[in-house]
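Enquirer: Here is how the chains run, residue by residue.
2 protein chains.
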Amino acid sequence: MADSRFSFEGLIAKNAPEARDAPVVKRGKYDFAVAYPDPASLPIDGLLDGLREAMEQEGADLALYAHQSGYAPLREFVAQKLARDSGIHVSADDIILGDGSGQPIHMICETLLDPGDVVLTEDFVYSGTLGQLRRFHTDIRGIACDQDGMLPDALESAIKNAIGQGKKPKFIYTIPTFQNPQGWTATKGRREAMLRLSHTYGVPILEDDCYVDLRYEGESVPSIYSMDDTGSVMYTGSFSKIIAPGMRLGYMTAPKPILDVARVVKSGGSVNQFAAWAVHRYATGHLDEHIVEINNIQRGKRDAMVAALGENFGSAAEWSEPAGGLFVWLKMQEEADLQAIRDKVLDAVDVGYQSGPLFAPDGVSGKNYARLCFGYNTPEDIREGIARLADAFAREGILNA
Amino acid sequence: MADSRFSFEGLIAKNAPEARDAPVVKRGKYDFAVAYPDPASLPIDGLLDGLREAMEQEGADLALYAHQSGYAPLREFVAQKLARDSGIHVSADDIILGDGSGQPIHMICETLLDPGDVVLTEDFVYSGTLGQLRRFHTDIRGIACDQDGMLPDALESAIKNAIGQGKKPKFIYTIPTFQNPQGWTATKGRREAMLRLSHTYGVPILEDDCYVDLRYEGESVPSIYSMDDTGSVMYTGSFSKIIAPGMRLGYMTAPKPILDVARVVKSGGSVNQFAAWAVHRYATGHLDEHIVEINNIQRGKRDAMVAALGENFGSAAEWSEPAGGLFVWLKMQEEADLQAIRDKVLDAVDVGYQSGPLFAPDGVSGKNYARLCFGYNTPEDIREGIARLADAFAREGILNA
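Protein sequences appear in the order of chains R and S. Last residue of the first sequence: 463 (the working numbering), numbering continuous. Last residue of the second sequence: 463 (the working numbering), numbering continuous.
Hints in this document: simulated from the structure, not taken from any laboratory. All the given hints hold, so there is nothing to weed out.
As the list makes no split between identical chains, a pair holds if one copy fits it or if it spans any two.
Below, in silico cross-link-like pairs of lysine to aspartate or glutamate (DMTMM-like), each with a Cα-Cα straight-line distance of 20 Å or less:
(1) 406 with 446
(2) 393 with 210
(3) 76 with 201
(4) 76 with 176
(5) 229 with 71
(6) 91 with 120
(7) 318 with 80
(8) 88 with 120
(9) 91 with 123
(10) 91 with 409
Full structure from sequences and hints, please.
Expert: Here's what the structure looks like:
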């Protein structure tokens, strides 16, 4: 039979991404690998109650194909939240709901990117966006950062350099608040500098603000979108970290020329109506309180992780102490290769983490870095997991504390 | 301020689809425009009960990012249903869940299509797929059909013609069962002929089988997938018509080289876990019975529409009498322009329909055709709506019954 098999050779699109087997993901008991929220405080009952209420009120509409932008009352909720919390004043018509913030990011990428286009972003940044950018065969260039955000001089040089090559960057992608994976929050001054460069060179900004609600202390910094009066900023947010990733609900707003293409490229029709109903009913009246509750929980988890790093890693490593978000960015000595030993560590001590290259635009830099997520495990397990990680690193000869 | 606005001119991707305003869709009371299922028989309680059960059993997993292919037990359910009902024997690993069947169709399009590629399909076909094909700037060519399906000679000519132009078709897209909008079901002989041509010329088939469960009488015809032993068929299905469109749940299976790219291009991560839980728990043990129930209801609706057409349109028109699915395909005299008067008819008599050009690969043919969906309204309202439609057509001078 083998020679009668149909061949798809030559039929796959020239610009299709590389084929990949279905990932088999092994999780550690001490799961610092993925930015999950706290599983014990998920509002299971609130979502069920909210859904029941919505089904009683408008359940028959489940028979309909909803508006491509998604459930209007939830868009209205998002518009009000953005106005109140982030100084972003847009109408529900200016918002498109998507599956998480991943889909809105995809929609913006497909709207703007041709193969070979340049996109600028932080030197280590969210791997999901890097995956989207690679899918569109983007020339991704990382900009050096310090604890205050992207370095303006480095950003300006990169823009000028790309323009000099005839490849004006299509956009700057940034996670300015509790940056993934680095943990810092860009200062107001740095945000102003980014905007100035955006306006000077005509390069728009995509502001991914999916962690902004997870602030454990300190004052919030204005969103880049709210500081702009020209319409050069696109903005994405998500319910994944403040309600649950499994709800697959996020959103975007952007100037109309972008929205009008993004809506057309959106895959799968309206966002899931069933999930949107549950989140809308639950969020109205409950979300603020829930955010206070989960931030109290996650503050304790962050403290546990930072303390455990101090106890177990001492002066042999550096790490961020983020004021919010879900991760600590760990830096070991230059020679350490945390990528090479990752699977071995997972097998040996049941601790999962992601190493730097996953977050590097070039896919190889940062082998001596690891992202440690503290949202999922209990504080006790975080302490135990970090102690186990230190043991494993010591056995590999990369922790000489 | 006007001259300080940021301009996105020159930044939109060269191959992006045309920008479009958010659609404002006016629905008629007699809504024959969209293929909605019966709203009164939606399994609201069953879905809520199913979700509650799943949340009790594994609610904490809502904190996780699920497998890119979607909730494994629901994929297992789909695999078993496909084996039992459609002679399709694949494992849960060979299935990817998506938002409706629209997203799987998008994933296959993005996997295979470069701008300008040729795709062959029925001369009138599902507008959502046409939209996806246009988004990828496909050269869409319609194949003439009769009541038994695509005409094999026409299909072979089109394949040869495209190959002669150096543009071997990337795939044949077909809805063989209760075809949308034409209503016919392709015979076993026609399916065999399509497969022979697929094998002879090396052109794969995308079989969209989203109406297959909605059979109101007669014997089922084997799926094209089940008749193929070479791996040239890709297959999509959906829960939209047998549970609800608002659940946004569908699926695909295909040979591994396609699955391994489709999974990467899937937008938005795993399919909605919340909705997948509800559908999995509900469908297990309830779906078969539910399908019998809705088919009894929809058989009555079809009968009402066909009878009302007979009473009101007499010999002045022709229409299909489908053995399943959700639509009747109405043909008026050649000169009638049902597209031009559609909005006027909706305003005048509150009856909605879609005219032929929406389903035409060229976007203009078929102005004297209309698709009339009978899933949404009650039989009484269907009779009233068809009478009103006949009145409106008569006033426009295109019905001289």
